[in-house]
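Going by the numbering used here, the letters in the sequence shown line up with residues 1 to 221, in that order.
It is possible that part of the hints are untrue.
What the hints assert, rightly or not - Think about it this way: if two alpha-carbon atoms lie no more than 25 Å apart in a straight line, the pair counts; the simulated BS3-like pairs of lysine-lysine are:
id : residue 1 : residue 2
1  : K7        : K45
2  : K45       : K58
3  : K40       : K55
4  : K40       : K7
5  : K63       : K40
6  : K7        : K49
7  : K55       : K7
8  : K55       : K45
Said to hold, decoys possible - Using C-beta positions, here's what the derived DEER-type ranges look like:
id : residue 1 : residue 2 : range
9  : Q108      : L8        : 38 to 46 Å
10 : P36       : L129      : 19 to 27 Å
11 : Q108      : Q183      : 31 to 39 Å
Keep in mind that the hints were calculated from the coordinates and are not lab data.
Each residue gets a CB set at the ideal place from its N, CA and C atoms; glycine is no exception.
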Amino acid sequence: MRLTEKKLRIFAWRFFALQVVTPFTPFVLSDAYFSPEIEKYGLQKLNPKSINLAKTRKMPSLKNPVIFVQVDQLATFCSTILGDIFQPFTLITGKWHLPPLQEDGYTQEILENPFLTEWYSQNQVYSNLPILPFPYGVELTSAPHIWWRMRLRGIFGLGRSGVFVPHVRIHRHLAGSALQTRQELHSLASPSHPIWARFSGIDSLSRPPGIAWIHTDIGNA
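When you get a sec, could you build the whole thing from the sequences and use the hints?
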């Protein structure tokens, strides 16, 4: 019975992870990944097609695969995997829990890699790095509740439905680096952005007014 309940829970999480942005969205979007956290929490079925680079160095035969790397594993990624990549790739880094992205030699080594096309990261607070911020989203366990609120808002005309990305609204009082960060996040939140093409049920991305309990982090504040 417990095994059946576990399978049902993973099935539900997989469905909602395709509808709502969560800390594990980078993994959901990936073609390949390097993340002990995914293994630790048994979340491989959120994206069973993604190749685990901890077990094989065979890269996906795609034009520009998305690689998700757990942010505190960048040193290992650089020393054991990066040198075996000989094709253009998009990198997404992040982690459910701390630490955030660090500005160090490993970060610079990846940025200098000739095959890197774009790099997105949760907790990207360094304005001098050409790394685009990636939304942290809501806790995976809260995703079902958020999804149902989305549907009810759409049905009763209380607001548009879609995937929620919190704290990307551009307020009039913003200026400087704060405005620039919001503009980058707002661009990423556009449904037309190519990074979201893998989401099958996406309608739009918005932060619902009045909902302050969405879990986020300083990288998206």
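Here is what the structure says about each hint:
1. K7 with K45: Holds: K7 and K45 sit about 10 Å apart, inside 25 Å.
2. K45 with K58: OK: K45 and K58 at ~20 Å, within 25 Å.
3. K40 with K55: 15 Å, holds
4. K40 with K7: It holds: about 16 Å lies between the C-alpha atoms, which stays within 25 Å.
5. K63 with K40: Violated. K63 to K40 sits at ~30 Å, over the 25 Å cutoff.
6. K7 with K49: 17 Å, holds
7. K55 with K7: 24 Å, holds
8. K55 with K45: 16 Å, holds
9. Q108 with L8: 38 to 46 Å: 45 Å, holds
10. P36 with L129: 19 to 27 Å: 24 Å, holds
11. Q108 with Q183: 31 to 39 Å: 25 Å, violated
Going through the hint list in order, the structure does not satisfy hints 5 and 11.
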